[in-house]
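Given the sequences, and given the hints that come with them, work out the whole structure.
Given next are the chains, with one letter for each unit.
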Amino acid sequence: MIPALETRDLSKHFGALYVTQDVSLRLEPGARHALIGPNGAGKTTLINLISGALSANRGSVLLGGDDITAQSQAGRVKRGLARTFQINQLFRDLTVVENVTMPILERSGIGRNIWRRASTFSHVLDEAMALLSQLHLHGDALTPVRELPYGRQRLVEIAITLGLKPSVLLLDEPAAGVPSAESHIILDVIAALPEDIAILIIEHDMEIVFQFAKSISVLVAGNVLVEGTPEEIAENQEVRAVYLGVEADG
Amino acid sequence: MTDTPSDSGFTPDARLYFRAREGWRWAEALPWIVAIAAFFVFPDYMALGTQILIAIIFALSLDLILGYAGIVTLGHAAYFGAGAYATGMLSAHLGWGEPISAMLFGGLVGAALGFLSGWVLLRYHGLTLLMLTLATAILLMEGANAAEYWTGGFDGLVGISIWPLFNHFEYDLWGHTYYWYALAVLFCCFLVARRIVHSSFGRSLVGIKGNVNRMHAIGTPVHGKLVKIYTISAGMAGIAGGLFAESNAYVTLDVMSFARSGTVLIMLVLGGTGRLYGAFLGTVVYLVLEDELAKLSPEFWEFGIGLLLVVVVLFMRGGMLGALDDLVAWARGKGKP
Amino acid sequence: MEQFAKAAISILFDGVAYAMLLFIISVGLSITMGLMGFANLAHGAFAMLGGYVMVSLMLKAGVPFLLALVLAAIIVALISVPFERYLYRRLYKAGELDQVLLSIGLVFMATATITFFFGPSTVSISVPEFLKGQVNLGFGIFPAYRTFTIAVGLVMIVALWYGFERTITGAKIRAAVDNRRMAQSIGIDVDRLFVITFAFGSGLAALGGGLAIEILGMSPTFALTYLVFFLIVVAVGGLGSIRGAFVAALVLGIIDTAGKYLWPDGGAFFIYAVTIGILLIKPEGLFGKA
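Protein chains in written order, with the working numbering: chain Z, 68 to 317; chain Y, -1 to 335; chain F, 3 to 292.
Calculated from the structure, these hints are not laboratory results.
Glycine is no exception: its CB is placed at the ideal position from the N, C-alpha and C atoms.
Treat each hint with caution, since some may be false.
[Unchecked claim] Here are the simulated DSS-like cross-link-like pairs (lysine-lysine), alpha carbons at most 27 Å apart as the crow flies:
{"id": "1", "chain 1": "Z", "residue 1": "K145", "chain 2": "Y", "residue 2": "K226"}
{"id": "2", "chain 1": "F", "residue 1": "K284", "chain 2": "Y", "residue 2": "K226"}
{"id": "3", "chain 1": "F", "residue 1": "K134", "chain 2": "F", "residue 2": "K62"}
{"id": "4", "chain 1": "F", "residue 1": "K134", "chain 2": "F", "residue 2": "K262"}
{"id": "5", "chain 1": "Y", "residue 1": "K207", "chain 2": "Z", "residue 2": "K232"}
{"id": "6", "chain 1": "Z", "residue 1": "K145", "chain 2": "Y", "residue 2": "K207"}
{"id": "7", "chain 1": "F", "residue 1": "K95", "chain 2": "F", "residue 2": "K174"}
{"id": "8", "chain 1": "Z", "residue 1": "K281", "chain 2": "Z", "residue 2": "K232"}
{"id": "9", "chain 1": "F", "residue 1": "K291", "chain 2": "F", "residue 2": "K174"}
{"id": "10", "chain 1": "Z", "residue 1": "K232", "chain 2": "Z", "residue 2": "K145"}
{"id": "11", "chain 1": "F", "residue 1": "K291", "chain 2": "F", "residue 2": "K95"}
{"id": "12", "chain 1": "Y", "residue 1": "K226", "chain 2": "Y", "residue 2": "K207"}
{"id": "13", "chain 1": "F", "residue 1": "K8", "chain 2": "F", "residue 2": "K134"}
{"id": "14", "chain 1": "F", "residue 1": "K8", "chain 2": "F", "residue 2": "K262"}
{"id": "15", "chain 1": "F", "residue 1": "K291", "chain 2": "Y", "residue 2": "K207"}
{"id": "16", "chain 1": "Y", "residue 1": "K207", "chain 2": "F", "residue 2": "K95"}
{"id": "17", "chain 1": "F", "residue 1": "K284", "chain 2": "Y", "residue 2": "K207"}
{"id": "18", "chain 1": "F", "residue 1": "K284", "chain 2": "F", "residue 2": "K95"}
[To be verified] Interface residues of chain Y toward chain Z, partial, derived using beta-carbon atoms under 8 Å:
{"id": "19", "residue": "R13"}
{"id": "20", "residue": "R201"}
{"id": "21", "residue": "R212"}
Below, the structure is given as structure tokens:
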């Protein structure tokens, strides 16, 4: 099967500091893959390299078998790659429904239309509302994002990426900053995502990782230390030493 | 509104909300009524009135990029000036004085310059962009100064002679013809601007202003969109410049000066950015106050406008229209039990 | 040929003197912009204030030139403190637009106030005897006042270098320019540092303003007329870089002076073209941090 997303020997360094070194990952269509590792392991950098926010020094990124290493961020999005941010990147002064229409406008190319009134594209609004219902956000549709509690803002963050109808979704700590009592809401939402989307998730909350992921890569100092099923990772002594051990102590 | 609306019952709400925002409000007739009434109430002030209308077009063009796309520039007079010189030189050197086409030519030159400079400049942001726009405008002014043969240099471009409008309406001493002419042009520019900001393209500009990182991440060609609106804005500034050249029959280097770039920014911010009508209110208040106060005491005027700027920045972030909104919201809040 | 060399040296000397003025005034702006990230278009107003304080001291109170120069710098530095405390501080986290508008507003108010008290025309002072006429430097005979200006500029750059590289406060400022959050986390009182730096930068501007009376002339439009030049020095040199401000001031001062002699119509055009070129290639300036 052609993998939905693949990286080959992806490397990035700032001066002499290697933040990503020869990372090779493979996500099948519909994969649920988690990327874990201690702080500073280079997880977000890897997401930035895959999404094209940063350009790699070496290696390649393949989407559905096509090499997209030379593509811009926008080009990669057009091919079905979407990401969320660890810290919310929302349109804080706009309403929730407007936040969600942005990606739909861009995906469909309607965002280029300079003359027709935005409200007359009713299918865009319908799609946005349907998406909000799916994430149980429809009650807040007309609320400015800045007035929402942080946990619900995290959902808007996910809703925006879903508006792109991605085939591969990169989730950068979706539950970050959300009170642990509410993190199950986020988990419920990502567990209910369409099965055909391949998902790469970075998460510190081990509960979420082990409930959600079908495979896990452990990243340490820019290198993939080990890869395997959740059971294998949980059993792995090396991982326990460098990562889970740290967690347990902290 | 209920707290738990059914899924299906909610969609029309969003549509209504969008439509309501784009729809015309009664209050929007107000500036036009005032403009028409002004003609009959102050017929002796129509020369000033024409300059105000031209300045509104210029401020409106700035609002498109500053208020909607978040581009901060200290050099917008470059395009106003380019339009003014283009229109003026068309008449002074080539003898073409048909007012509408000459003005549109000014707009075209402004747009072309906006496209070329925007393509390069809009890759930068923050202080660098500020410096680059500032330096570009002054560079252009120094270029116009050096190209004395074409522009008249420091002494200004003379010999502009504009034909009667529609071959019929002569330029008159009281500026009545030009007042109506400028008002018509302003109305057209306003309709275009209003259409653009409420289009899907306009919405994505607001997105770029709100969070450019996110726009990149959802695949928006940010640079292309910024260049597009910058070009439109520069074209509109060029039209304002063309009108300026026609109504004064004289162009000096001052049209591209830093002072003019700064003044239009101040006018817009005083009125309120990102709401189109801020350009109207800010410009009228600024120019009328200047006309009245500067006659009494130039220092008093300058001090006053400086103080006003400080006050607006510290306490009235939305300008005068923003303050008005706050006031209305406050009054409504008080009215409720 | 000898004629030509003499003219060239004379132009170069004038250019360097002008450059020193630009440097003394702009370096404070560079440091404050680098440290606080504030686009302070009112920096020239503090220079202008320095000039007028000096004029008042000399004409109204009979203070001698050198003492008046030093006093002007100190007085303006003190005056600038409440501005930082109560106005600028509120906008450190705001966008450039708000900063630009606030500081432009201050320039207008300063210009109007100065016009009100001193009138719109250029003011002048009488410099002491030893700064009048010419002085023989061994390799040529030069105007004494410009020689003095260059000497002050050189002293300032050495003093600044020493202060920045060799004192604790300088080290703190460098640390805060580099990474404010880090500086804060290791216990540097950044708020206090901001006041000190701002006052110091304004005082330097005032010193430059005082020196400029004789060379550039001093009128209420000074703050706005030279604003663009100060900004160019800062932007081209790189925010927060003393070395950058020095190099940029030198280049700008010499090119501008030479241009006025050699190519009166197009000299300024050349300066802006160079400025744009440098910023396009190096947006962070010649010596700025990337």
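For a C-alpha distance cap of 27 Å, please report whether K8/F and K134/F respect it. 21 Å, holds
27 Å Cα cutoff - pair K145/Z, K226/Y: Judged against 27 Å, a Cα distance of about 21 Å means the pair holds.
Between K134/F and K62/F, does the CA-CA distance stay at or below 27 Å? 22 Å, holds
Between K207/Y and K232/Z, is the straight-line Cα distance small enough, at 27 Å or below? Roughly 24 Å between the alpha carbons, so the hint for K207/Y and K232/Z holds.
Pairwise hint evaluation, K207/Y against K284/F, where the allowed Cα distance is 27 Å at most: Answer holds: K284/F to K207/Y is near 25 Å, not above 27 Å.
Classify the hint on R201/Y as holds or violated, based on whether any CB of chain Z lies nearer than 8 Å to its CB. Holds - the Cβ of R201/Y comes within 8 Å of chain Z, reaching about 5 Å at its closest.
Proposed proximity, K174/F with K95/F (alpha carbon, max 27 Å): The hint holds at about 21 Å.
For a C-alpha distance cap of 27 Å, please report whether K291/F and K95/F respect it. Given pair K291/F, K95/F holds - Cα atoms ~20 Å apart, limit 27 Å.
Within 27 Å, alpha carbon to alpha carbon, are K134/F and K262/F? 24 Å, holds
Taking the least C-beta to C-beta distance, is R212/Y closer than 8 Å to chain Z? 4 Å, holds
Hint check, R13/Y versus chain Z [nearest Cβ-Cβ separation less than 8 Å]: The hint holds - R13/Y has a Cβ within 8 Å of chain Z, the shortest such distance being about 6 Å.
Hinted pair, alpha-carbon criterion (27 Å max): K145/Z, K207/Y. Please report holds or violated. Distance of about 22 Å is within 27 Å: holds.
Comparing the model with each numbered hint stated earlier shows that all of them hold.
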